[in-house]
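Novice: Here are the chains, one letter per residue:
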Amino acid sequence: MAYVVSDGNHTLRVEASRLEVRPHDELFQMEIDGKKKIISISRISPAHLSIIIDGKSFNVEVEHFEKDYQVSTRGEVYNFSVVDEREVTTSSEQSDSGEKVIKAPMPGLVVEIFVSEGDQVQAGDTLLVLEAMKMQNEIAAPASGIILNVSVKSGATVNSGDDLLVLDI
Amino acid sequence: MAYVVSDGNHTLRVEASRLEVRPHDELFQMEIDGKKKIISISRISPAHLSIIIDGKSFNVEVEHFEKDYQVSTRGEVYNFSVVDEREVTTSSEQSDSGEKVIKAPMPGLVVEIFVSEGDQVQAGDTLLVLEAMKMQNEIAAPASGIILNVSVKSGATVNSGDDLLVLDI
Amino acid sequence: MEINRILIANRGEIAVRIARACYEMDITSVAVFSEADRSAKHVRYADEAYEIGPPPSGQSYLVIEKIIEIAVKSNCQAIHPGYGFLAENPLLPEACSKAGLIFIGPSHQAMALLGNKTEARKLMKKAGIPIIPGVMEPLATADEAASAAETIGYPVLLKATAGGGGKGVRVVESPEKLKSAFERAQAEALSAFGNSDIYLEKFLVKPRHIEMQILADEHGNIIHLNERECSVQRRYQKLVEESPSCIVDEDLRRRMGVAAIEAIRVSGYTNAGTVEFLVDSDRKFFFLEVNARLQVEHPVTELITGVDLVKEQIKIASGERLSLKQKDIGINGAAIECRISAEDPETFLPSVGLIRELIEPSGPGIRVESGIAEEYDVSVYYDPLLSKVIAWGKDREEAIARMLRALNEYKIKGVKTTIPFHRRVLVNKAFVSGNYDTGIVSQIEHTETEDHLEIAAIAAAIVAMTDEQVKFTSNAQKTEAWKLSGRIYGGIRSIGW
Amino acid sequence: MEINRILIANRGEIAVRIARACYEMDITSVAVFSEADRSAKHVRYADEAYEIGPPPSGQSYLVIEKIIEIAVKSNCQAIHPGYGFLAENPLLPEACSKAGLIFIGPSHQAMALLGNKTEARKLMKKAGIPIIPGVMEPLATADEAASAAETIGYPVLLKATAGGGGKGVRVVESPEKLKSAFERAQAEALSAFGNSDIYLEKFLVKPRHIEMQILADEHGNIIHLNERECSVQRRYQKLVEESPSCIVDEDLRRRMGVAAIEAIRVSGYTNAGTVEFLVDSDRKFFFLEVNARLQVEHPVTELITGVDLVKEQIKIASGERLSLKQKDIGINGAAIECRISAEDPETFLPSVGLIRELIEPSGPGIRVESGIAEEYDVSVYYDPLLSKVIAWGKDREEAIARMLRALNEYKIKGVKTTIPFHRRVLVNKAFVSGNYDTGIVSQIEHTETEDHLEIAAIAAAIVAMTDEQVKFTSNAQKTEAWKLSGRIYGGIRSIGW
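Residue numbers (our numbering), protein chains in the order written: chain A, 1 to 169; chain B, 170 to 338; chain C, 339 to 835; chain D, 836 to 1332.
Please note that a few of the clues may not be correct.
[To be verified] Cross-link-like lysine-lysine pairs, in silico, DSS-like; alpha carbons within 27 Å at most:
| # | chain 1 | residue 1 | chain 2 | residue 2 |
| --- | --- | --- | --- | --- |
| 1 | C | K749 | D | K1246 |
| 2 | A | K100 | A | K56 |
| 3 | D | K933 | D | K1150 |
| 4 | C | K515 | C | K464 |
| 5 | B | K322 | D | K1229 |
| 6 | A | K100 | A | K67 |
| 7 | C | K665 | C | K649 |
| 8 | C | K649 | B | K206 |
| 9 | D | K1229 | C | K665 |
| 10 | B | K205 | B | K236 |
| 11 | C | K411 | B | K204 |
| 12 | C | K665 | D | K1012 |
| 13 | C | K411 | C | K436 |
| 14 | B | K272 | D | K1264 |
| 15 | D | K908 | D | K1146 |
| 16 | D | K1119 | D | K1146 |
| 17 | D | K1160 | C | K732 |
| 18 | B | K225 | C | K732 |
| 19 | D | K933 | C | K663 |
| 20 | C | K515 | A | K103 |
| 21 | A | K103 | A | K35 |
| 22 | C | K653 | B | K225 |
| 23 | A | K37 | A | K56 |
| 24 | C | K411 | C | K622 |
None of these hints come from the bench; they were simulated from the model.
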């Protein structure tokens, strides 16, 4: 299996095949950007791997939601997208102009909304206030544009990732 | 469901029925030796229960192997047998004379055996030496009697609960 | 009066901290909990626990009548409020004394006096303690605030008179931003404290936030237990605290101690409290406020003095005289605390979810005060503070090294936490040098590291490959009755980010 | 010579302890592991880790050539042996110096001298340090031992000359038991140390076991770091240790310190070491032996002195002068350690199995040194010591209260542990009074308690009822690939008791 792992700045091609399942670990043959390595993996828990590679020992924590991975090791945190190589060629590119959906960055209560459909806003303008964990958080416009749609009402409870507004930029 | 719970010195009849499954706990109606109580159970993990009963809060840890239960709470440890009431009447009593099987109290290596079939031994005599975790443990006769059978050989590795010898007492 | 049963009117790590002190003193601890907290650590830790209402704190942890009722019914002699919630609400000590209960904290009169920040400033000014220029009365409208700000000069600081913990606080750099900030501060103050009063003061540029820990018994004895440096703040919320402070020498410590003891004396304050000061670049100090409660950061003081502040609080509340004299209080080594919150370490946005894996640090010099456990559900209802790590070292350098080790050992899976932020603070040059001020957080950048990029990519690929090969059947889901879902599905489903 | 890479020739909690010190000193830690230890905590904690052989220690952790080979290949400058395994085998320091590696401990000459208990006793006798009457030469046969015992008078003690840690030790009350005991001691000594030599000495009735911690640099500077009381023993295995000792006053401490420093001086010993004494009921002390290594119980000394002994070991090994003088060493409060072993708390028989749930204590004054984690497999191959809990208090009473709290918080599911035993020690009247001797363990009874019998019975019935209703399908077992079996099946299957 080969995967394309990208953190936005770097894209790595990682090919992995399981060589051997042993009582206390599994051996994998890895090829990363052309370099071949044999590594030992012990999966301590679903999110927690012990990796030994060339004698170096790493505790690595991996959490993911679909293709979005967060990987931590030795105090460093990486946010990756991980895609099966076979899928890469068929995936289309996302546009970065036009409609921009502003999503709730956290669960909370919509305290106040400052804009309505059709309003012209500048980048940085406060669009609405979301209260969570007793803090009032101002949600600002990521770019200048026109409000196409307001998806929530004042007083509503939203979950992380829920649509708040749509902005035409 | 009713269970007969015994620690050797005390035998309690415990009847339990689930009243309600709530988002954060379950309510049970309990009857213990005739007294009725409603209790709240939150099962933190398979072996770890939080119980609130009349406002008293208990962390209780329960481990079991078949009908043998070990229950710990507030630093106290209880060893119970727990039997479904319907089974109690049909179970027969165990004899405590005649053949006594001496089992390995822990996994280990049989270092030396001091007795053979037919030997007469006194209570407290060393029968064999079992090495585990670098300590040599002398296994002594629990009572006087005659060795009917020696089930292991010197140098053998045994698991906890394996038969070592049979003694006629 | 001997205290042998205490109701803890709080939750989270501080409720566990207080229950621990009770255990060590052979006192029965009684917890209260909202419906959402049935399985929380403080409920499991306490000897007794009573449900107090629905999840929102306004219907549970903030309802004085319910707390008093449970305390009376469960035969408690005393209530410990912790910090936050009702800790600085004078109605609780007042209700306690009406119900014949001991409040483990100051009298309601002293609390009311100090809780009104403008009254407190007037009192301290009269007592000769230096204060920051500002308006002493609550401001009725944004316009009133605007004219006061013009007089004092920008930048100014808006603060809730009933405030604390960074809530209802806004810094305003220029006139056009005043109105919106004033309204936000009012709304936040109302939501957090049930009181929307806002006052205003001069905003000191790059000050250090240094506070003195006090113990005062009911017989007139007052001592201080050295300073805490709390300048690592974001939005007036402390993130890292340490003791001793790098800029406080013997002389400054003595002078701030005298001022702090005087502030406590003139306000008739008893029990544990903290006098907060701002210290400017000339090492002049200004009275800020008195925190009329045990503070989040009290453990750093405990580690360098050997004094258990919660036990001292209980002893004072039971009428005992302080057994400690000022000369008994020394400084042994250095201690640092990091507050671990369920927040994104870059944006500080809250993160909620189920704690799926938890490995806490330990070893030489490390103490953890935690309110969480595996399977604990971090909800939107309460403060995001999960736990605190406190490191002790023979000197500050050793304390920093140990804290870095502890942060490296600490694994909390299921929610995002501020652990990566704290690592950046601890290696920040200004922090390491000790020469920093309250502006330090804005200078701490997220430096992209590539050291372990390859290993991280390999791990991600291994997990992607393995998880594709493991198919769960619907049968396995039946075990959800045991709430094992977090553990079983942890590798393929993530909640909280 | 600066040390920046250290190979840790050990496993379990002590390997983690040493790796933690390396982390704090910015030194790369290199672990070795047997096949059975691939997932062990010390392997995951270290920066690098190399497999060293099959599970039995004779084929892995005890193979000097392999350890030296890995140290050289991985560019280490030094080897830390921990305690146990090769820690007191002079062949390791000898092999180190041949390979150009630093051994973090004494020279092989000093170790060989002190490792031979009979030679050590002769040396100390010559230096004027009081010793216990006994035979100074290894005894060739049981008959030889019998005649020596007749001369000295029963009871006598058989001890391995290469010994330590209670292995190869037997007390013999009467002549008829001598032969069997002698043979058992020889066999145990051979298995544990590769050397079956046994010597014999007078067995003091009800002595206290008190030892002095020493630091000695390579420039002739030697200091002691107070005593440790280690009288809570079973089969010469220490179970609970504390510092300071209740019977050591300033004068006795000074005199034992002088004797200990002299013992170290005359043996040319460097690095950290411990001089063990027996103290009789008249508070006369007798030299027992020098432990030529870091000891299991070193943390109690660290907590009352603030000195990190592992860091000091590394600094001494790199040739530094001691930065501490005798006058810098004080006593701050009191500390107690409990050794938590995978053993039945009544019979002390070993217990093996998978750690299914682990909750470690923390909070004020509590330190844990642990070699285990959830999913860790406690195997039959190694010492049953899982971890150590160390409690600090401003006085002994507070340290005991905190230790009881910590033991109450500590949850290890999957194996039996000695935690219940330790609880009984800590509430034992003789222990609490401080007036106890090495016979204390035999007086600690398992008192049947009925306080929580009903609640325990209710919990058992609930689990019985719930588990009958939960049926696992064979599909669920497929998830065993993730080693989740312990967690998933934990409630219905038990391994280890």
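Novice: Are any of the numbered hints broken by this structure? If so, which, sorted upward?
Specialist: 2, 4, 5, 8, 12, 14, 16, 18, 19, 21, 24
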